[in-house]
Every structure is written in C-alpha cells, then in structure tokens.
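> Make the full structure from the sequences, and use the hints.
Taken in order, the sequence shown gives residues 1 to 118; the numbers are from this note's numbering.
Treat the hints with care, since some could be wrong.
Unchecked claim - When the alpha-carbon atoms are kept at most 20 Å apart in a straight line, the in silico SDA-like pairs for lysine to any residue are as follows:
no. : residue 1 : residue 2
1   : Lys23     : Phe64
2   : Lys8      : Asp106
3   : Lys39     : Phe64
I should point out that these hints are in silico values taken from the structure, not numbers from a laboratory.
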Amino acid sequence: MLKWDELKIRLSRSKFRSSFKLKPKDLEYINKKGVAEIKKHAEEFIKERLAPAFPKNDGKQTPFKGHPVFVAQHATAICCRGCLFKWHEIPKNKALNDEEIRYIIDIIMKWIEDNFEC
Numbered sequence: 001m002l003k004w005d006e007l008k009i010r011l012s013r014s015k016f017r018s019s020f021k022l023k024p025k026d027l028e029y030i031n032k033k034g035v036a037e038i039k040k041h042a043e044e045f046i047k048e049r050l051a052p053a054f055p056k057n058d059g060k061q062t063p064f065k066g067h068p069v070f071v072a073q074h075a076t077a078i079c080c081r082g083c084l085f086k087w088h089e090i091p092k093n094k095a096l097n098d099e100e101i102r103y104i105i106d107i108i109m110k111w112i113e114d115n116f117e118c
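Structure (structure tokens):
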C-alpha cells in the first residue's frame with residue numbers, strides 16, 4: 001500500500017484521475033455534515049460496496065457523483081476491486097481486512113481534506 005504523498009504524485013499523472021474535483025454542492029454537503037460524518041459515510045460505503053471478496057456489480061458499484069466520497073473514490077482509484085489492485089496492489093477476490101479498509105478510508109479522507117481546502 002502506498003503512502004499518500006507517493007499516491008498523490010501517481011494520481012496527478014493520470015488525466016482521468018486528476019479530472020475529479022469537488023463541486024460546490026459537494027463542498028456545501030461537507031460543510032453541513034462535517035468531516036467526521038463524511039468519514040463515517042466512507043466507512044459504510046467501503047464496507048458495503050468494496051470490502052466483500054466479490055462485490056455486487058464490481059466495476060460499476062461507485063457512482064461518479066452524488067456524494068463527496070464517490071468523487072474521492074474515483075479520484076483515488078478506490079472505486080472498484082480492479083482499480084484497487086491496479087493502483088494500490090490490494091488483491092481481488094478476497095475480502096478486505098481491517099488494515100486495508102483503514103488504508104482506503106484514510107486515502108479517501110486525505111483526498112477530500114486536500115480538495116476541501118481549495
């Protein structure tokens with residue numbers, strides 16, 4: 001698993017990954033709910049949609065908009081098990097362990113915090 005600074009550099013080199021930005025509606029939602037609540041949402045989404053060994057609709061389970069966490073997942077290549085393997089070297093076809101889930105949530109939140117200040 002990569003450190004945030006290393007990952008941020010890799011992601012910035014991807015035209016697709018670097019195209020994701022928080023929209024005013026996302027920023028308003030973060031302001032309204034607070035970062036702690038957004039982190040809870042991230043944990044719920046990851047445990048439900050990404051943590052199983054064979055997630056339902058893998059590759060299509062993360063919408064592109066509708067919640068700041070969804071935007072962050074695409075921006076950080078944490079949207080499906082294929083991207084998790086390609087970008088983060090987290091193997092497919094096995095349930096995510098607690099350490100992997102913490103890593104994923106930390107990356108999502110670092111991206112949100114970095115982009116929330118903009």
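> With reference to the structure, classify each hint as holding or not holding.
Outcome of the hint check:
1. Lys23 with Phe64: This hinted pair holds, its Cα atoms lying about 12 Å apart.
2. Lys8 with Asp106: holds, 13 Å
3. Lys39 with Phe64: holds, 18 Å
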